[in-house]
Amino acid sequence: MNLIYQIFPNLEKLGPELLECIWATVQMVLISGFISFVFGIFFGSLLIVTKKGGILECLPVYTIIDKAIDILRSVPFIIMLFLLIPLTRIIMGTSLGIEGALVPLIFGTVPFFSRQVETAIAEVDPGLVEASEAMGLSPIEIIFSVYLRESIPGIVRVSMITLISLINLTTMAGTVGAGGVGDFAIRYGYQLHMYDMIWISVIITLIMVTIIQLIGNLILRRTIH
Amino acid sequence: MIELKHVTKTFSSSGSSVHAVKDVSLSIADGEVFGIIGFSGAGKSTLVRCINLLERPESGEVLIDGTDLTKLPEKELREFRKKIGMIFQHFNLMPSRTVYNNIGFALRHSGLSKEEKDKKILSLLELVDLQDKKDAYPSQLSGGQKQRVAIARALANDPRILLCDEATSALDPQTTKSILKLLESVNKKLGITMIIITHQMEVVKDICDKVAVMEHGSVVEEGETIEVFSHPRKPVTKSFIETAGSIGKIYDLIAEDSPITRLAPGQKMYLLTYSTDTTREAIISYVSRTYDVDASVSFGNVEVLKDKPLGKLVVIFSGEEENIEKALKYMQDAGIETEELK
Ligand SMILES: Nc1ncnc2c1ncn2[C@@H]1O[C@H](COP(=O)(O)OP(=O)(O)O)[C@@H](O)[C@H]1O
Ligand SMILES: [Mg+2]
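Protein chains in written order, with the numbering used here: chain A, 1208 to 1432; chain B, 3 to 344.
These aren't lab readings, by the way, just hints derived from the structure by calculation. Ideal placement from N, C-alpha and C gives every residue a C-beta, glycine not left out. Don't take each hint at face value.
Partial list, derived from the structure: chain B residues whose beta carbon lies under 7 Å from chain A [as the list claims (entries may be wrong)]:
#1 L55
#2 R83
#3 H92
#4 S98
#5 Y102
#6 S141
#7 L143
Subject to a maximum C-alpha distance of 27 Å in a straight line, what follows is the list of computed DSSO-like cross-link-like pairs (lysine-lysine) [stated by the list, open to error]:
#8 A:K1259 with B:K73
#9 A:K1258 with B:K77
#10 A:K1259 with B:K119
To spell it out: a stretch of chain A is covered by chain B in this simulated footprint if at least three of its residues, at any positions, have a beta carbon under 8 Å from a beta carbon of chain B; those stretches are [what the hints assert, rightly or not]:
#11 1216-1223
#12 1337-1344
#13 1350-1360
Required output: the full structure, derived from the provided sequences and hints.
This is how it looks when you write it as structure tokens:
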């Protein structure tokens, strides 16, 4: 412990606050990650089945989602954060703190993740869908038992990428007072020149990324045959 | 009984349209092994996909035991499809599931209990001779084994019909034989009607009772396999027969003016095709004696079409022209097809 305090002299004083910030980041990543996952899977699947030649072909639906994703993806997150303030107030009752950050985080993640899910599902061999249709499966069964089930490895991969980029977004969310590790690094490291606090933030982020990758690889190993 | 009546399917994309199937009418009896042969792009896959309505024809009727599938609502159509098994060129097994679960997947709505399903899957595995691969994943199987799993899966719901779209086209000749044997035994044992799509003459030759030849979206010739291939009327049918045996080479040899095709004055070269069990030696030696012509066989080939022989001989006749004419007339009357080659 003493050695750690020697390397990071400000940790002794700021340790409890850092822990709070880590917890804030974890909360933001997990909550917005989970919600974005559900929406992303939904929109990604919807894109696949409604596109031309899809099992529920419906070009108006496809075009609307497709364009909405392109537009949302082109808005820089930092701008989205402020653009969405009125909407966040309506949904969450406040635009500050972790609650205030969730809505923009989800809006910033879902379009990106939906597109990634679409790409992962598109890798599924169309022959499997043909065989399932010939077996008399309904479209909804095909979505779950074929498209999603067979693209689990692909979806796990893109989920890892998305979660990691979500950590990145949470650092910006600090600007609406959501706290988190990024906010901690800026406040103490940059503004108060405690460079050791920047380094410790970097290390903590690295650990989080590593944990995500470890879990992802573990799932991959169990699902690829 | 499967009846297709005036089935037509057109694909249109960006202005141009492809008439994949043009006004096809076919009738396939219960328990029959029915081949549909044609070169790539002839419309075979589209036609077979019209039978279980994976492809919806824009006009025509698809009657199975009297029910017009094109008139069924989606839900009933899906129910109906469970009674029509289908296998594919690339097997289409689910990579994330074991052999056991791939077959079990087809049984998800069968209403069977867990034990009954288990029994059913094991008996299917026995039928296709893959009991030991129960827990393997498709990626661990050879092509032939994958097709066996696909056959087991297709048979899971006790279908009355099995559609096979190029089921052996991705397999080596030996494995092809073993899969054809399996299909034949399934047909005999379970009495399942089979529709076999292929571009391989050997497949039709080995197991099909009847055959339809497709070209440019139309069925151009149709009938008992032995009839169609012993009396081919269309060039496309003839070219399939040529792919099967070495006899087709004679045309190339003639074109190249190979020494074995060179004739002396007064000689004529004919291709004789016979399908009955009339022994050719007797007929040839008979005409040779009776009409005073010499006949020498320079090329020969006997195919066996689902247990019936189909013989082809290239014979050079020499003698008086008038006598050769008479000899040919005699053979034609005896049911032998004669084609002047040179
Ligand atoms: N989904 C499709 N869209 C457009 N054209 C198609 C489609 N499916 C098949 N075709 C066309 O229809 C014709 C017949 O194809 P197909 O039935 O696959 O032939 P085969 O199985 O005899 O090789 C081909 O010209 C092919 O390009
Ligand atoms: Mg085909």
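Of all the hints given earlier, name the ones this structure violates by number, lowest first. 1, 5, 7, 10, 11
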